[in-house]
Structures are given as structure tokens and as C-alpha cells.
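Residue numbers (the numbering used here), protein chains in the order written: chain A, 281 to 621; chain B, 281 to 621; chain C, 281 to 621; chain D, 281 to 621.
Everything labelled a hint here was simulated from the structure, so no lab data went into it. The reader is advised that the hints may include incorrect statements.
[Unchecked claim] Calculated cross-link-like contacts (lysine to aspartate or glutamate; reagent style DMTMM-like; alpha-carbon spacing at most 25 Å): (1) C:K539 - C:D414; (2) A:K539 - C:D525; (3) A:K539 - A:D414; (4) D:K539 - B:E308; (5) C:K539 - A:E308; (6) B:K539 - B:E410; (7) C:K539 - C:E526; (8) D:K539 - D:E526; (9) A:K539 - A:E614; (10) A:K539 - A:D525; (11) B:K539 - D:E308; (12) B:K539 - B:E526; (13) A:K539 - A:E526; (14) A:K539 - C:D341; (15) C:K539 - C:D525.
Protein chains: 4
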Amino acid sequence: MIRVAVVGAAGYIGGELLRILIGHPGVEVAAATSRQLHGRPVDGVHPNLRGRTRLTFCALDRLDHYDAIFLATPHRETMTQMPEFLRMAGTVIDLSADFRLRRTETYEQYYGVPHAAPQLLETFVPGVPELHRDRLRGADRISVHGCMANAGILALVPLAEAGLITGEITVDARTGSSGAGARAGSENLHAERSGALRVFAPTRHRHEAEMAQATGLPVRMTATGVEAVRGVQLVCRAAITDAADERTIRAAYRARYGKEPFVRVVAHRRGLHRFPDAKILSGSNFCDVGFALEPGAPHVTVISALDNLVKGGAGNAVQCLNIRFGLPETTGLEFPGLHPN
Amino acid sequence: MIRVAVVGAAGYIGGELLRILIGHPGVEVAAATSRQLHGRPVDGVHPNLRGRTRLTFCALDRLDHYDAIFLATPHRETMTQMPEFLRMAGTVIDLSADFRLRRTETYEQYYGVPHAAPQLLETFVPGVPELHRDRLRGADRISVHGCMANAGILALVPLAEAGLITGEITVDARTGSSGAGARAGSENLHAERSGALRVFAPTRHRHEAEMAQATGLPVRMTATGVEAVRGVQLVCRAAITDAADERTIRAAYRARYGKEPFVRVVAHRRGLHRFPDAKILSGSNFCDVGFALEPGAPHVTVISALDNLVKGGAGNAVQCLNIRFGLPETTGLEFPGLHPN
Amino acid sequence: MIRVAVVGAAGYIGGELLRILIGHPGVEVAAATSRQLHGRPVDGVHPNLRGRTRLTFCALDRLDHYDAIFLATPHRETMTQMPEFLRMAGTVIDLSADFRLRRTETYEQYYGVPHAAPQLLETFVPGVPELHRDRLRGADRISVHGCMANAGILALVPLAEAGLITGEITVDARTGSSGAGARAGSENLHAERSGALRVFAPTRHRHEAEMAQATGLPVRMTATGVEAVRGVQLVCRAAITDAADERTIRAAYRARYGKEPFVRVVAHRRGLHRFPDAKILSGSNFCDVGFALEPGAPHVTVISALDNLVKGGAGNAVQCLNIRFGLPETTGLEFPGLHPN
Amino acid sequence: MIRVAVVGAAGYIGGELLRILIGHPGVEVAAATSRQLHGRPVDGVHPNLRGRTRLTFCALDRLDHYDAIFLATPHRETMTQMPEFLRMAGTVIDLSADFRLRRTETYEQYYGVPHAAPQLLETFVPGVPELHRDRLRGADRISVHGCMANAGILALVPLAEAGLITGEITVDARTGSSGAGARAGSENLHAERSGALRVFAPTRHRHEAEMAQATGLPVRMTATGVEAVRGVQLVCRAAITDAADERTIRAAYRARYGKEPFVRVVAHRRGLHRFPDAKILSGSNFCDVGFALEPGAPHVTVISALDNLVKGGAGNAVQCLNIRFGLPETTGLEFPGLHPN
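Okay, chain A solo, but in the shape it has when bound (with noise of 0.2 Å):
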């Protein structure tokens, strides 16, 4: 059994984790941190997880070693405490943003602050299964991309790589509220919340810095908040080479992901269920990648969606954990989603 602790549990990504890891069988679950609820049990937060656990929240000084360590902890704070961490687990599973961006520039324009261990930048490996899984193999130093950057990254890689895409690409995200965490302000009762179609970020969203990264190509996205409590879909655009017809592009997703677990090619002519939609992937580990292109003209329609939380944080976590570790890739994350939903 593995020896996992999970810090920053108490909130929506470290939930996930504990559901995830909870009912892993190669994972033995030793510690939960939260620093406003130490001492509670876990399942007054998490009430999905009554009759499945007996733990409680405890104080991060209360931590020893573990085999692996999940980092559900705020961006900004992670990079300061992370020596710490280093100390605490053979292998670091970080949930939070300090990791992700190579370039301290980038990181500094994004998030505002300079970084503060830039020195240990290099030692992360992208938690990204379909494109790194063998550097994940020997990794002890995992960074998982957010959840509208992975969305991104996983639909727009593939036709990069190819050489499809020519110029820049602009990216329509569409979240859900549990994106916002389980501390977020008034802005996101009920009340307000419900039905919205909040532009909350019509330039410069964060992880289009991540997507940019992971294509090497430019990258403009605009984040909506729509009614969903859980969900992420992309609308993504871009020209493509004279080239590229529905053949190549289907092709260039079918040599990435022939044969991955977790990603669907999801790009039907007629029915219901043409494209990629969240809502049937609630509690999935699936990433859905779908494309259009515009009769006689080089443009092409990328959509992809996934559950914030699973693919988009908490189970791509532990897709990683299990490749690291050996394990059968799909281990734990085998729930495919309900439908209707």
C-alpha cells in the first residue's frame, strides 16, 4: 500500500483527492490536513464520503513521511513551503500553480509576485500522463495544470505537434462555480451565481499562460462562469495549414490518443452527443477532445471538456501517482460518468 497524506483537504480539490484515494485499492490514505478544521472528521465536509471513512483533519505540524504527498494548497503559498514539503514524501503531487510555468517571467506576470524558488522549477515534471508519462515514470516532483489549462493542453497538443495550427489560437473557457473553491466570497452565492454568464476574465486568464507553454504557440483565452457546479469546456480556434482536412486531424489525435485511457475523440456529423459536454463527465477522469472544421476554409474548432476536479485536478493527480508508482494506469478512476446527469 502506498502511504499518502493530502494537504489542503478540506477544500474541493482535496476532497476529490480523498473520494479518489479513499476508494483506491494501493492507497492507504494517513493524513488529511486542514488548518481551520483539524480535529474534525473528515466527512462533515465531505458528506459523500459518510460510511467511507472514519478520518479526521489534522494540523500540518502533524504530518511525518509519507510515500507521496498531494498539495491541494493555495498558488503563492505552495512555492514557499515546498523544501518543506520536499522533506515530507518521496514523491510531491502539487495541485497548486507555483510549478507549472517554467519561466519565472511568466509566472511573475501572471500571479503578480516574483517566484520564490525558481531554483526548483526545473525539477518538476508535468503531470500531464498523455504527454509525459515516462518522464512520470521516475518522477518524484509532479505538477499538475489547471483545470481549464489541461482542458486546453490535452485538445490543442496534438494538432501543435503536428504542425496544424498556423498563428494564434483563441480559447473560449466555460467553468463551472466549483472551480472557485469552497472559501470563495459573495460573488458566488446562490443567488448571484445561478444561471450566470459571467465574463470573469475576458483577457489574460491565468492558464492560458499554461497552454501557451504546452503548444508553443499564442494563446488568448476568455473564462465564463456558466451554470454548472462542476465542468470545464473549451471552445478553441485556430487557422490550420491548407493541409490539414478532417482525415489529418483525426489522425493526429488518433496517434496521440489511440490508446490513452482517459481521453475520448468525441467528433460525430449528426446526434445528440456530437461534441464534448461536461455534463456527463461529472466524477470522470475522461478528457472528451472534439473538432469541426469550416467547409473551405483553414480554420479549425476544437472542443474539449472535463470535470474541473477529476481530470482537471484530483484524478489526473492520481493518474499520475499510479504511473509513478506502477500501478495499472486507471486504478481508482474507473467511474465513467452519469448519464443523464
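Assemble the complex: chain A is given as a structure, and chains B, C and D must be docked to it using the hints.
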């Protein structure tokens, strides 16, 4: 023009008062107070009023004297400030709970504190036009009922008055999230409240005391938060006399509501819209009331619905104002609601 | 491996059976029928199963013989075809309503037609593991209750059995839209059904007959469609004996459910998750049951919740299969539900 | 009083026309037709009109002559019947798509059939008061744009006219379920549509042709169904000239919309309501338009929102009527929308 002020105008009931009063041809909104936002434009927190008003919030101590003042102020505080409010206006229309219950013991039992102004209780007329229209014509102090209470009173009083109900009434109330107000806590975050079926008051909800007072019958009430921003629906059950049949009951409602502008009896044998549903009432001042009888058994199920911020609050208060000042009763309250919505 | 077939697999209950059975390590799904879609891939209508199955629907007349067969078939039709189904499989698990009610008069009263196979009624064991586990171990014919009925039976039977309830029970049931099935009519279009509080059965809902049968007490039920796709919540009220207090009631539930894997007693004094809420149960096989007592009065309010397609249908049926075939009872049913959701 | 008839009055646009016209002080609704429901009361399908009208639907052949007639009739059929409609009324206001596009080739390209009345195309004035007010004053034939098209035209024309946009425009449109109409099929059942993020038109949505025609620029549009009943929001992107900065753009909008009663420019630096959101526009005739600039890059993101059934249909049509008949332009259209909602 009737010169009015709204105290507590930054909240949801306050905003709804502003919406209705600003569109009211016989009213001038002279002041709107907010403790936190004085100096700020009203349309900053009530974005639906953009382009409709240039009003800014003021502090309470900037009020002078008005024809009428509306109090959208907290329970327990309102009663201590009431003497001051009474000096500010010829007519005071109170939307807090503090002057709804006639007996101080009942108040203390449900609100947990002694009443601070018991001598004023008798001076307030209940703000239920359908029951107290004549008294309201000359009333200078009006206390508007709570949202669920008003729905229950309008549903039950005709049957209680007609002596058709025997024994206690049970009320199952469902309510949207706006009832919790603009300052609701983290339990009302969208991610927590969305899609919830939250039994927040299994027994002893405060509004049951108002219904018991109005009907003279024992009432047991359960309150559940459902997925909606606006809207209250009540399902009430009672044993009825042997004489009570569909015709008797329909007659009791018709006698009370046949000429009422804002109460509709909705009880059909079939169709999509057989019974009252708050879904189509958002923004309107209607309270729909319907009923069904158990075949062969002396029981009635009464269903009522309204928009908690309108007929359950601000709209009802403006209807009282219209009566008090001799205006056509529907002035400013003509919006019929939307379908679909 | 248990070889199973699902009849009526294109509907919502059928799809949920497929989801659970495909992920079940002891089961092989050998056939899935659909009248309309035979020849088409299963994941066309159940897109959550993409990448999990290559099964296609077949016609009913292509079935041969199976260890077990699940019937997600319409009421009234199932009873006429039952002799045929019984020849197809060692174990028949029926999710239609046709073999739930023991008395043919009751069936006729609620379903409007005479029962077509009264001689078979006694041969079916009710699919309620919590009440009939021993009989289910040897049962070849199992009839699973309706979604709201199951929630009511699990809520009420422990108190009824313990003799704590006096007199009739009233049940206020709320249900999501998936209960109307994949072939629901235009009254279930999103624009009509979204945000609705639709009292579609003010009296005489069919499920009340199942609750009355299981508790031996008179039950009056009202059913309201609320904004949700999945989920049923019941608020039940009953007068109780003078001896019944919180301890007695809790003891009655503990005696029945202390060791049950899928029933949790949820009744807290405070907190966000005091009582059962279907919101956190989507996809899970839990039925949560809670209660509250009126201070100083002999009344209980019992609240229960479940996912209508899982513990209210497909999951419960698979739990019965596990019992019948001697597998660990939770096999294939481990998904705990999501929070937030 | 202007005597009007509504053709196709049982649908959602038809119902919204009735809601507005019945509340309009200068209009008498003399007839409302429905093919399926003639003889039935209007408030049976439009329950929000209970108590507001006793009108019943009539068959089309019962119409005689009216001051104005509104056509909420299907695309492709309307053009064949237009000669007949023109004989029925002095002024025809068409809400179908058939007379929106000036070029028959474009119509055929987007609607798949040749235009049946090309000779009439030039006789229709586009129903966009903000652009064609003077022509509308004398117009007897008015063609109102589609919901998303109107939102796009109002968002983009000021910038296009001012020559600030260079190159093509991409539009990401999100729409609620009422846009699919009251006869939508099973793909719009609540269980399927609720919470969906359904990209139903990745390319070539018909409304893009209307935007291209109005702006004179190439438009690429993607349309996604989101969780809402009413509401359309567009996120439009375009490259802009080097000269275009925040001041220039704001000036372009102010020049066009400074005196418009129903277009508000909503573009704030911070706050909950920074950009247009359809959530607060239900029932109102506003179109809100906002924009954001990429720091240091010649790109603009324009956001617009409206209620698809009001400013995207019925309300806009009534605004045209008011202009045509010399009434104050806001008559009958004063409802400001609700917050929260």
C-alpha cells in the same frame, strides 16, 4: 407624487422595492439607505436598474421626512429603531418580522429575544390586502408578512374562515436561495446550494407562527431549500369537514378571491400547469392558490406559490402603499411574470 | 462470470444498469435490447459509456438464455411478457411496477387495468435487501420497488415495525426529471421543466401503494417535480407514540441499518448537511435517512433521499443480484457520490 | 388603439408577443392564431397570462384585417404565405428568418431552399431601431433579426462602422433552451438539456449570415446551448486597428448608443457585474454591450447579452411597432429585468 425612502436598500428585498418603486408612476424614491454602501450608486449592486436610476445609497442618518418609508431591515434590530422610523414618515411599511406577531410570548419563542417595543405591536396593521384592505386604507403602520407566511395565509385563511378545516395543518414549504438574503454565508455558495434539496427547518420555522396566528389553527411547517433563486411553493394538508367537497372549497376561494387582482385560483384536472408553480411567477405580484381532494377521504391538499421577493415582500408592500394612498391597487405591479422562464 | 441481459436498455434505468454492470467485475453483459435502436451502438444513447463498451443493442427476439435478466420494461406490458422472460433466465430481476403489489385489486386501482398474471405475484420476492436479504439469497424472481417507494420504505419501515407510528403517514415526495424517462413528452422539455415546482400528483401517486403495503399503514403521498435530473427526496410525517423519543427512534434505525452498507442515518443538530439531500447521492447506491422531532409534540418528520436511477432502481437491482449470486454485496456499487455536485 | 394580430401565438415568441402587447396601453390584441390550439384559451399554454386575458386562439383563416400583424411563423413557410399576410394588415412585422437576408444566394446557402419571394426582399426594413430608426418610422414591412444575430449586430456594428475592426470576427454564442421553441424534440428534454454545454453549431450557424450582412465583415460563429431557459450571450473577437484604444471604442459605442433607450454599455474594471450577463435581462428589452482590450495587443473582445425572446424577438418587434406608429419607443417595454434572478 408620494415621496418615499427605502431603508436597507442594498439587500434583495430592498432592491426589489427599488425596482418596483422606480417604475411606479405615483412615487418618487427620495432616498435609499445602506450601511455599507452609502455614497455608491444603487445600480452597482442592483444591475437591473442600470439606465433606470441615478440614485446613490445614503446613510440612515441622512434621512429627513417622507410620506412613506419602507423598512427592509433585520429582525430584532428593527423593533429597537422603530420609534425613530416612526418620526421619519407619515406611513411606515415594515418588512422585517418584528411587528408581525401579536403576542410577545410567541415572538420570544420564535426569535429568541424579548420584544423591545411591545406597546407598538397593536398599532400595526397586517399587510395582507386580501384580508385587511379596509384597515389598510387608513393605516400608518403596516407590517408585511414573511414570504412563506404570506403564501400560507393566502392558501389557508379562506378554508379556515369557512370552517372547513378540522384539526392541525401541515405545511411543506420550498424556497429559493434569495430568501437567505444578499449576505448569506458560505452554506449558500453556489457549489453547495445548487441543486440542493436542503431541509433547513424540519420543525419550528418562524413563518409557521404567522400562519397559525392568521388561521387560528395549529400549523406544523417544514422548510426545504430547493434549486431556484426566487420562488416559494407551499403544499399544505389538512383534514376537512365531511361537508367540504370540491364545490364548497372552490366557493370559499371564490368568495375571498373572486375580485382580487393578485390571487388566482389554479386547480385544473389536467394539463401542464394544473397547480401553482413559482417558476412562472418571478417578478410578478401574483399569489396562485390551488387545491386537490383525496377521492373519498376528508382531506385537502392546498398548494400555493409566489415570488418571495414580490408578493412575498416588496410587491405586497407596494400594494399596501397603493391602498393606503388611494391609488389603483395594481399600480406599478402589472408585470405578469414570464413563460417559459 | 454471471452472464446477464438487460431488456429495455436504451432508457434511463436501462442505461444505468449498463453503467453499473459493465463496471461490475463479476458480470458479463451478454445482451442489451432496444425496440427502437437494435443494431446501434449502446454508447450512442449512453455517451458516458464511450470507451467502456462496444456493445450494440439487439432486438428482444435475439435473446437466448442467461444467468440473470434485468427488465427495465414498461408497466402493464411486462406482466404479459413475464412467462417468456422467465424462460430466458435463471433469475429475473424486474424493475417494472407489475410485480410490486401483492394484491391484484390494489394493482388495478392504481394502474387502471386488471393484472394479467396474478398467479405469478406470490413468486416474486421484493427487491429490498435491507428487509428481505435472506429471501433474496435464494430468489429467482425479484421485483424492485419504484424510486420514491424505495425511499419511503427505507425511511418508514423501521419505525412502523417498532410500533412507533400511530395513524396515517403523509409523504411529500420531490423528484428529478429523469424519473419521467427518456421518452417523456413535451411537458418535460427543458424550457417547461427547468426550475419547475410541479405538483404532478397531488394525491394517489402509485408509489404510495407500495409504501402502504410495506409499512402496513395508511399513506398519503404528494409528488412534486423539482429542478434536478436525478434525485428523490421524501419528507414523511407521522404521529408517534408517547414513548417515542429521539433515542428510541435512533435505536430503531440503528437496529435495522447499523450494518447496512447502503443506508446511512443522517440526522444532525447543525451544519450544512444535517439531513439527507439527493444532491450528493447522484450515481451512488446510498439511501440516506434522517429524522427530526417536534419539541414537545408526538410527531416525527422523516427525511430520506436517494438517486432514483441507482438505489431507486438499477443499483438496488444489482445489489439484489449480488445477494442472489453470493457476491460481496457492494460489488460494482462502490461509487460514493460527489461533493460538491 | 392599434389593432393587432399575432400569427403563431402558441409558441414561445408568440407568447412573449402576447405578454407585451396585452400589457401595452396603445394596442388591442384582436386575434392570436394557432394551428393546433384554435378554440383554446390563450392562458392554457401561456399560464403567465392568467387573469390578464380571456383571448382564445383562432385559426389563421379567421383573420380579417388589422393595423399591424406580427408573424411568429416558421422559416421557409413564412415566405410562401407572405403575399397573403401582406393583404391582412397595413404593417407586417415578421419574426421569421425569411426576410432578413438581402441576397437570395445567402438565404439558399444557409436555409437550404431557394427563396420563394425574392421580389419582396427589398421591401422589408430590418427591425433594428438602433440602426434603422428613420426608415422604420415609415415602414410597412419590417423583418426582425434572429436572437443571436441581433445581439451580434448591436455588439459589432458601431466598431465596424467606425472602421476599427480589421479582418474577420469570431463569435462564440451561448443560448438558453427557449430558443429551440415550444416544439423542440427529445434532445431538449430536461434530463438531456439540463446543465448541458452543447455545441450544436460549431460552424455555419444561420445567424452568422445576418451579422456578416450588417457589419460587412466576415463572421465565424459557434453556438453552444447552455443551462438557461432564456438568454443569449455573445463573446466576439476581432483584430482592431492600431488607433483603436479604450477611449476610441467607448466613443464609438457612445456615439451610437448614448441616447438609445435599450442598449447599455456595460464594461467595468471590477465588480460582480463587469460585463453583460443575460441572467439579469430576462423579460427586459435591454441589450447590454461591453468590451475588453488585450493589454498591448490590437484585439478587442466584445460581449453582448439579451433575452432571446424579448430584445432578441418579441420586444424588439414591439419597439419597431412603437416607432412605426409614432408612440413613445419604450411603451410596453418598461420592465427592467430582475436581480437576483
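Verification of the hints:
The suggested pairing of K539 (chain C) with D414 (chain C) holds, with an alpha-carbon distance near 15 Å, which does not exceed 25 Å. With a C-alpha separation of about 59 Å, the suggested pairing of K539 (chain A) with D525 (chain C) is violated against the 25 Å cut-off. Among the hinted pairs, K539 (chain A) with D414 (chain A) is consistent with the structure: their alpha-carbon atoms are about 15 Å apart, no more than 25 Å. Between the alpha carbons of K539 (chain D) and E308 (chain B) the distance comes to roughly 23 Å, so the proposed pair stays at or under 25 Å and holds.
Of the supplied pair hints, the one linking K539 (chain C) and E308 (chain A) holds, its CA atoms being roughly 23 Å apart against a limit of 25 Å. With a C-alpha separation of about 10 Å, the suggested pairing of K539 (chain B) with E410 (chain B) holds against the 25 Å cut-off. Note on K539 (chain C) and E526 (chain C): the hinted pairing holds, with a Cα-Cα distance of about 20 Å set against a maximum of 25 Å. For the proposed pair K539 (chain D) and E526 (chain D), the alpha carbon gap of about 20 Å is at most 25 Å, so the pair holds.
With a C-alpha separation of about 16 Å, the suggested pair K539 (chain A) and E614 (chain A) falls inside the 25 Å cut-off, and the hint holds. The straight-line distance between the Cα atoms of K539 (chain A) and D525 (chain A) is roughly 22 Å, inside the 25 Å bound, and the hint therefore holds. For the given pair, K539 (chain B) sits about 23 Å from E308 (chain D) by alpha-carbon distance, which is consistent with the 25 Å threshold. For the hint linking K539 (chain B) to E526 (chain B), the alpha-carbon distance of about 20 Å falls within 25 Å, and the restraint holds.
Restraint check for K539 (chain A) and E526 (chain A): the C-alpha separation of about 20 Å stays at or below 25 Å, so the hint holds. For the hint linking K539 (chain A) to D341 (chain C), the alpha-carbon distance of about 36 Å lies beyond 25 Å, and the restraint is violated. At most 25 Å may separate the alpha-carbon atoms for a hinted pair to count; K539 (chain C) and D525 (chain C) meet this at roughly 22 Å.
In summary, the numbered hints that this structure violates are 2 and 14.
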